[in-house]
Amino acid sequence: MIGNEMHQLCTELWPITRSITGDGVRKTLSILQRELPNLKVYSVESGTHVFDWQVPNEWNISEAYIEDEQGQRIIDFKDNNLHVVGYSTPVDEWINLEELDKHLYSLPEQPNAIPYITSYYKERWGFCVTHDMRQKLSKQKYHVVIKSVLKPGVLNYAELIIPGKKSQEVFISTYICHPSMANNELSGPAVTTQIAKYIQENHDRNYTYRIVFIPETIGSITYLSQNSEHLKKNVVAGFNVSCIGDDRCYSYLPSRDGNSLSDRVAIAALNRIDSKFKRYTWLDRGSDERQYCAPGIDLPIATIMRSKYGEYPEYHTSLDDLVNVVTPNGLEGGFNALKGALDIIESNLYPKIEVLCEPQLGKRGLYPTLSTKETGKQVRAMMNLITYSDGSKSLFEISELIGEDYFLLLDLVKTLVDAKIMSVTN
Amino acid sequence: MIGNEMHQLCTELWPITRSITGDGVRKTLSILQRELPNLKVYSVESGTHVFDWQVPNEWNISEAYIEDEQGQRIIDFKDNNLHVVGYSTPVDEWINLEELDKHLYSLPEQPNAIPYITSYYKERWGFCVTHDMRQKLSKQKYHVVIKSVLKPGVLNYAELIIPGKKSQEVFISTYICHPSMANNELSGPAVTTQIAKYIQENHDRNYTYRIVFIPETIGSITYLSQNSEHLKKNVVAGFNVSCIGDDRCYSYLPSRDGNSLSDRVAIAALNRIDSKFKRYTWLDRGSDERQYCAPGIDLPIATIMRSKYGEYPEYHTSLDDLVNVVTPNGLEGGFNALKGALDIIESNLYPKIEVLCEPQLGKRGLYPTLSTKETGKQVRAMMNLITYSDGSKSLFEISELIGEDYFLLLDLVKTLVDAKIMSVTN
Amino acid sequence: MIGNEMHQLCTELWPITRSITGDGVRKTLSILQRELPNLKVYSVESGTHVFDWQVPNEWNISEAYIEDEQGQRIIDFKDNNLHVVGYSTPVDEWINLEELDKHLYSLPEQPNAIPYITSYYKERWGFCVTHDMRQKLSKQKYHVVIKSVLKPGVLNYAELIIPGKKSQEVFISTYICHPSMANNELSGPAVTTQIAKYIQENHDRNYTYRIVFIPETIGSITYLSQNSEHLKKNVVAGFNVSCIGDDRCYSYLPSRDGNSLSDRVAIAALNRIDSKFKRYTWLDRGSDERQYCAPGIDLPIATIMRSKYGEYPEYHTSLDDLVNVVTPNGLEGGFNALKGALDIIESNLYPKIEVLCEPQLGKRGLYPTLSTKETGKQVRAMMNLITYSDGSKSLFEISELIGEDYFLLLDLVKTLVDAKIMSVTN
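Chains as they are written, first to last, in this note's numbering: chain D, 1320 to 1745; chain X, 1320 to 1745; chain F, 1320 to 1745.
Chain D with its partners taken away, still in its complex shape (with noise of 0.2 Å):
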């Protein structure tokens, strides 16, 4: 079962410290760069202009705690790498409650979660702690260490490219600068990570694809600025791949287009999955498709998800864990979800009956010969496939049309190509 698979995979990520730089994101491409070997990683140095942008300092990070007066480590990093917010400055300091006070985060209405905070474009520090441990802190002095290096070095995200006999390209896209949380976003790179060698698997693919792990944002950006041309002239369709390994509901966030390949096929991916899937629009966007589809990058990129950012409680906590939230089944079943979305895209061709009229089935051993009144109805669906297939049409938008199944028709195409009644193009 590919879910455990998968989930092995979160569960070897999860300690790591990522952030949108830093060690943390290295450490987490070259354990990818073991499960795929064909894995390119790039650097690109802070301070290089991104279109509206500039790459920021590097990040790292190797201690951080709060100490009490009694010499007790009340906070420390070591324990949940949630607890110094993302890109904090160092500091050494003893500092009273009240000023203490100023640089804490937590989150009243979930009272045990540390909640997940970066400040990457403003130099502050802080701590993210649960609130009930808040509520326990008396009035004395705090030793507050945080030893991070914030200082020029690079960015990194990684890229692998899948030829096809088409130059024209399936882009997927997702993230690795969270640290450790599980649904947003260890699922991502796992699922991604899965599909990639299931795309590697099939030798004879049509679309050449082309799949990137990026810091979010800043990453998306910057991998934008050095491909939007080359993306913009071969991209046909492709996903942003976040939020996909729990198992509570399927979900769908369309391209700014709303009405792309993409997002005809994420649906109908879904609807054969589970046709309940929530439907979010794009103004609930809110990760890399915002870049993608920015106007005049215009990429026909959609959101297949589980549970979307945003909308399930544990949410960009402590409490977004492989345990409770991401399980084997949750990416299993987000990785089905995708992969039957570009199981289409690549396997969509354009049907066309060869001959006048209704081929005759029946000398071709392709329908009953016997005409009772129940014979109408068992071929049906080969003969709304045959009357739809004029040439103009693909074998998907038929499917959309008939109400068929498009794997079904698929293997109905096989067999009408085999008869030599009908021919394909791609």
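Honestly, the hints are just simulated from the structure, not real lab data. Don't take each hint at face value.
Each pair may be met inside one copy or between any two copies, as identical chains are not told apart.
[What the hints assert, rightly or not] Below, in silico cross-link-like pairs of lysine-lysine (DSS-like), each with a Cα-Cα straight-line distance of 30 Å or less:
| hint | residue 1 | residue 2 |
| --- | --- | --- |
| 1 | K1712 | K1551 |
| 2 | K1421 | K1682 |
| 3 | K1421 | K1455 |
| 4 | K1441 | K1460 |
| 5 | K1359 | K1485 |
| 6 | K1470 | K1346 |
| 7 | K1739 | K1441 |
Please build the complex by placing chains X and F on the supplied structure of chain D, with the hints as guidance.
What follows is chains X and F alone, placed relative to chain D:
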């Protein structure tokens, strides 16, 4: 009452043993020629290639029965021509019950009905019986006799062309291959014959009408193989006429396109008669529209029916008769529905108001001279007609747009043309 | 409060005997010229051909009454100028009750209302009375006197052109042909006068505004016969202003096209004020939009109303007054609705984000620097504006697309333009 006239024709045609070829077809067509002297009968030789098909051998049958050991004819083709599977090969044997049973067809759920079964493209023989009688058969030897001939001959069809001012054509097709059944399908030829007479009575007709009486499927395929290029160029609208003789409901089945003139006019004509008419989709098709609308043929052929084939309990059984199913009222209702659709097509025009701003209807006696609270509504239909008569919309489209009856508007157009403030183009 | 100002103007105009021609029209227009000094009055001679119509003779009336045998004036035009059928020919006769009755108009269902009746195009005379009083008439002789003059003269209308940077025009039309009635129609001229003042106050206006005060129907036809070519070329949006002074509801009637800028802006403006506003269709039309949107004229003129003509009980009777029907609040609401629509048209622009991918709002102080669970929603409106600002959609279209208030987005556009990351074109 023309319902009686059509019912009388059905009664005359009833006993004839029709199939897709043979003497029964010719006898049927010769009776129709008596009604429509310009109807021309064509023959196509067995073996002729017609698209993906071949015209089959001609089938004729003189006698058929099952005799028991006591010499009693327990089944006799003379009693009901549905008793023999259509295109049965000859047989003359004594067989036991077990063997006989393999050649019997009955309907357990309709135990007093003889089913209608054919086997045009695979050679076999068989008898169709009521399930009641089948249950009564005892273990003994039976003498099965079918005196049929299946050998090269011809397939016949008939065509009537009624020329009009335009070379553009309205196409009407019905079929003459069903033996003794009433709604499916003596109603089609009977209503079509009456419609042909009605069209011939209008000596000022705009369109050319092409009316064919053919065997279903192989007949329409044969006809298209000879005429499809001409039809594609000239046919602007048309109807397949089938199952149009009972008095239980009205039905509509669209063309493959679904929004052709034929479709919209059929809907309008049915709405005038019974706004609760049943609407089927192209996926419910099952008659010669399958050929006329096939990819590459692409004719705008819709279907107006009473109870649709496959949708009424007596369908394709001996219960589909001229007593309980098809009635004079049923035929007349079907005739009127089809006539209504054809009347719209024939009379449709593009009205254009010839003055800018509203015309002064008052000075032409077309508007109440005293403006009161009430008068506004009285001339509403005329003003709505005028406001949309910009030359770009047909009268039929305007009737759809303003929700007024087409024929009421047609009268108003005449008034406005007489008043010299409206012009029309065809 | 400008509602009071408009109500005051209505009160001043109330007693004047208006019709489609005559002294009352001129007196009304001279009062409007006092309010709008640049308003220019035009005269068109009786008999002038205007499209399908002719400018009628000018009608003036000095006195009218019905006297009974006791010499008592039981009906006097001085009491209410609705008492005489508009365009009544002169009369001075003693007639009996039976004869008189043929010339009386009353409303049995509104027994205390005097109806408003006119007969512009057929010569007749008549009196309009309450049904209560009509019931009280006894069998005797009555002296009927109408001192009116119907002879060649002129039809008057007024036009105000307020130039803007563009030659493209916004067109506003209202009518000044109704005698003493309030919603239909002193509200139209009063609100239009106030709107004209409001437009004049904006010295930086983009569009040219063309505002006309005309008699209904014959006035708009006359105006179009002189100006329709210019209007077709220049008018981008416009409104017919009528029935805009009571405080009971808001209403919208579309242009013939139904989806013009005027239509969509009217809907947006009404939605801001009262999302339960009534929507009529083009089939409910009944005012000068009939001329402005006629085939061949085709102007994009929509109508914003309070209670629509024909839809409120006091319509076209003496009960349509300045006490119970038209109020300062009603007029102010109507003014604000129309002003809202015009403000959108005047300020609409095409925003284009000038950076690829999302702009970094943070470095410009436009984005919270600390990313938390909550901050996403705060900048939602700005991000949604940006994501659709691809230069192809107007700000108004974007507001429709993302469901945000137009004027809120207009403020955001200013912020983004100031931040130099957005450009706009008109």
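Now the hints, each set against the structure:
With identical chains, the CA atoms of K1712 and K1551 are at most 30 Å apart both within one copy (24 Å) and between copies (21 Å). For the homomeric pair K1421 and K1682, the shortest alpha-carbon distance between copies (23 Å) is at most 30 Å, but the shortest distance inside one copy (83 Å) is not. Taking CA atoms no more than 30 Å apart as the test, K1421 paired with K1455 passes inside one copy only; the shortest distance there is 16 Å, against 88 Å between copies. Proximity of K1441 to K1460 under the C-alpha cut-off of 30 Å is restricted to the intra-copy arrangement: shortest distance 26 Å within a copy versus 98 Å between copies.
Taking the shortest alpha-carbon separations for K1359 and K1485, only the intra-copy value of 21 Å comes in at or below 30 Å, while the best inter-copy value is 56 Å. Within a single copy, K1470 and K1346 get their C-alpha atoms as close as 19 Å, which meets the 30 Å cut-off; across copies the closest is 82 Å, which misses it. In the homo-oligomer, the alpha carbons of K1739 and K1441 lie at most 30 Å apart only across protomers (21 Å), although the nearest pairing inside one protomer, at 67 Å, exceeds that limit.
Of the hints listed earlier, there is not a single one the structure fails to meet.
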